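Participant: Assemble the complex: chain A is given as a structure, and chain B must be docked to it using the hints.
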Amino acid sequence: MRKTLLAAALVATSFGAQASAPGGSGCGWGNMLFEGNNGMPMHLLATLVNGTSGNRTFGITSGTNGCDTSGALSYHGENMLAQAGVMEEVAQDMAVGDGEALTALSVSMGIPAEEREHFKKTMHENFSTIFPSEDVTAEEVMSNIQNVMNQDKQLASLS
Amino acid sequence: MRSINLALILVLAGAPLWAQATPGELATHPRWKALLHINEGTTWRYQGRSYIDDPEFFLHESGATDAHAELEASIEQLRPEGSEARCDFPARYRFLDRQLDWPDDGGLSHCSDYQEWRRDMPGERVALIFPASYLNSPSSMFGHTLLRIDRGNDEDGVWLSRAINFGATVQGQENSILYVYRGLFGGYPGYFSNVPYMNKIRDYAHLENRDMWEYQLNLTQGERDWLLAHLWELEDIEFDYLFLDENCSFRLLELIHLARPESTLMDDFRFAEVPANTVRSLDRAGFIESVEYRPSKANELDALVDRLSAGEQDLALALARDASVAEKEAFQALAPRSQNLVARAAYAYLRLQNREGARSQEVAQRGLALLRVVNRTPTVSGVDPERPVSPEKGHGTKMLAAGGGMLGDRGFGELQARFSYHDWLDNPEGYLNGAAIEAFDARIRRTEGDDLTLEQLDVVNIKSLAPRNRFRKPVSWFVNGGLDRRLIGSKRHLTRHIQGGPGLAWEMGSVIPYAYAMARAENNSAHDVLVSTAAGARAGVLWYADGFQLGLEAEGLYYHNDDRRYRPSATLNVPVGRNHALRARVERDGGPDRAETEFHLSWRYYFD
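Going down the list, the protein sequences come from chains A and B.
Each residue of the first sequence is one higher than the last, beginning at 1 in the UniProt record's numbering.
Each residue of the second sequence is one higher than the last, beginning at 1 in the UniProt record's numbering.
One chain only, chain A, in its complex shape (with noise of 0.2 Å):
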C-alpha cells in the first residue's frame, strides 16, 4: 500500500512542482527560504544529525521546501524552475551567459548538447524579455523562454 501512494506521487512530480504566483506558496523569484519556525538549536541540531525537521521524502516526491507540490507534471524545465531557489540561479546564469543551471535547464528541455551554447547564447541575448519583472512566475519564464526560441530559427525547431 505504501508503495502505492509513493508511486503516485512518482508520477506525479518527476520533478517538482507546479509555479505559483511569487511569494505567494514560497515559490518563485525572491524566496531564498530558510524561513520556518526551527530556531537557532534546531537548525545547529538538524545539521548534527543531517536530519529533516518532521518531513521525510523519499520516492521520487519533490521536496520542494514550501512550493507546492501538486503539479502533475513531468520531467520539463518549468518544474525545475519551480524549484524554491533555483529561478534565481537560472537567471543569474542567463545574466552572465552561462553556468551549471542554465545548462541543467537546457538539459531537462531536452535541447541536445551541440545546440546548448547557441541556446545559451540566446537566453543571455534575451535575458530582459525573458524576466521582464521581480514578480514573474516559473510558468511565465518557461513561455517567454519558448517565446524567445520560437523566435530564434535555430531554436524553434526544438521549442
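If you're looking for bench data, these hints aren't it; they were derived computationally from the structure.
Note that the coordinates shown come from a computational prediction; the quantities given were computed from them, not determined experimentally.
By construction, the Cβ of each residue, glycine as well, lies at the ideal position given by its N, Cα and C atoms.
Some hints could be false.
[To be verified] Below 30 Å or equal to it, Euclidean Cα-Cα: the simulated DSBU-like pairs (lysine-lysine) are:
hint	chain 1	residue 1	chain 2	residue 2
1	A	K121	B	K328
2	B	K393	B	K491
3	B	K473	B	K297
4	B	K297	A	K121
[Said to hold, decoys possible] Covered stretches of chain B, going by a simulated chain A footprint (3 or more residues, C-beta under 8 Å):
hint	segment
5	156-169
6	342-354
7	370-383
Facilitator: Okay, now just chain B, sitting in the frame of chain A:
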C-alpha cells in the same frame, strides 16, 4: 548467460562459488548479509545481527537476528510467481532468483510501482557527495556525506540528479537539550530520503556556505542495479541514528558495500565514522574515479571581490544597496569589464545577505536590477574560486606525538594522543585555514624527579576564525573544555575547566590576525571555592607560510578572587610529508608573582 556472468564475477572476486550453494549456505553469503544490514563486527552495537529493528523490513518475525530464518521466509514468499513480496523486496528477489536459479516467470514485471520508480529514477552514475564543514558552524564541522545518482552520463546535468541522504528525523516540539542528547547518543530514528540534488546544492552551497566535493564512483551497471533495487527496499524503513558510528556516512558505506560485497569497505572495526575518512576508505578500496569541486556562494563572492580594487569594492557595496548607482558617473567611468565584475560582486553580495528569511519585494527588485546591469556588460570569465586541496588528501585524523622539553630548569618527556581531528597549526592541506576541531586530546608528562602526570586533557576544543572583510562580517568563536595545568602559587595544579568566547579575525594574504574575548570557569585544588571564574582576552596571529605554520598568541585572564594569569606563546609547525610534522613551542605561563617558561619540541604522527 546470467549465471555464467555471476560465476565469473564471483571467481574474479576470489569468493567461493555460491552458484551451487544450498539455501542453508546462502544465509552466510556476503550479499545476503549486506541485504539484511547485518553487522559483522564493523561497529560495536548489534554485532552478528541486523542493524534494523523495523519489522517492516523482515519477512520472518525473528528476521532481524536470524539471517537463516529470514532467508527461508524470503524464499517461501518470493518464490511464487507474481508474489506481492517481490515488489517490496526486489533486491532480495534478484539475489535469490540468481542464486537458486528460479524459472523465468516474469520476475518483477508485475510490480508496476517499482517499475515506474525505476524508470523515473536516474541510474547512470553514482557519486559520493561531501559537503565540507563550514567554518563557523560547529555542527557541520565534521562534514556530511550523501549519494548522488545521475541521469545519463552527461556531466552538465548534475543539477537534475537525485540525492540519497541518510539522516535523523527530528520532530520540532521537543526541547533543545533533549535534541542534542538524542542527536549524540542515539534515540533519533534515521531514514533514507531521496530528493532532487539541486535542493542539496541550495542547502549546502547556497544557504550554509559549505563547499561541496563530488566524488564520482566507478560502480558498474550491475552494481548500480543492486544499489537502486535495495534502495527501494529501504523506503520508510527506520534505522537508529547514532552520531558517532551509525551515522550518515556509515549507512552510505553499507549501500556501496552491498553494490560490491567483495570490497574491503566493511572489514575494519569503526569506532567513529568521520566523513573525510569515509572518502578515504572509498579511495583506498578503489571506488573513486574523479573529483569535482563545487564552491560555496561565499567563496564565489570572495573570488569576485579578489578581482576588484578597493574603489571598485566600495562601488560594489554601494551598488548592492542601490542599483541606480549603475547610472552614476563613478560606475560609468569603469571599463566595461570592470563594470561586469562590480555588478556581479554586488549581486552575489545581495544574495548572500538575503539568503535566509521571507521574500522581500524590494530586495527581489534590486536583485533583478543588478542582474540587468550584469547582463548588459561584457561577461568576464575565469572568476571561479581556486580549487583547494580536497579533504581526503589531508593529514590523518588521529594523531600521536612524542616530545620533550624544559619547564623552568627541569626537563620533561611527553606523549600526546589525539582522537580527532585538526588544530589550526597542523598542515592545512585539505582542511580549512583557521578552523580547529579537537576531541579527546590527552598529554601525559614525566618531569625530572616527578611521577608520570596528566598534563592536559581536552575533551573538546573548537576554534573558528572566520575572516571579516568589507563584504562579510562573521563573528569568530572558540570553546574549550577539559583539564589543564595552571601555575597557582608555586605549584602547577590540575584544573577542570570550560572556557570560550566570541572574536574577530581578518585575513591578509596568508596571515590571519585575531582577537577573542573570553570567559573561563574552573575547578582546582588551590582555590577554596568550588568554581573560580575569570574573564579576559586572547589575541594572536596565524601565518600559513609555504613550508610551515606559525602561531603567536597572548592570553590574559583576571579571576574573581583578584588572581591573574598571563600566557604568551609561540608555536611553529613544520610538516614533513603528509602525515608527519615537527612542532616547536615556547610558552610562558603564570601570574604577576611567579611565572615559568616552557620549551617543547615534539614529533607528530597523523594516521587513519
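Participant: Of the hints given before, which are not true for this structure?
Facilitator: 2
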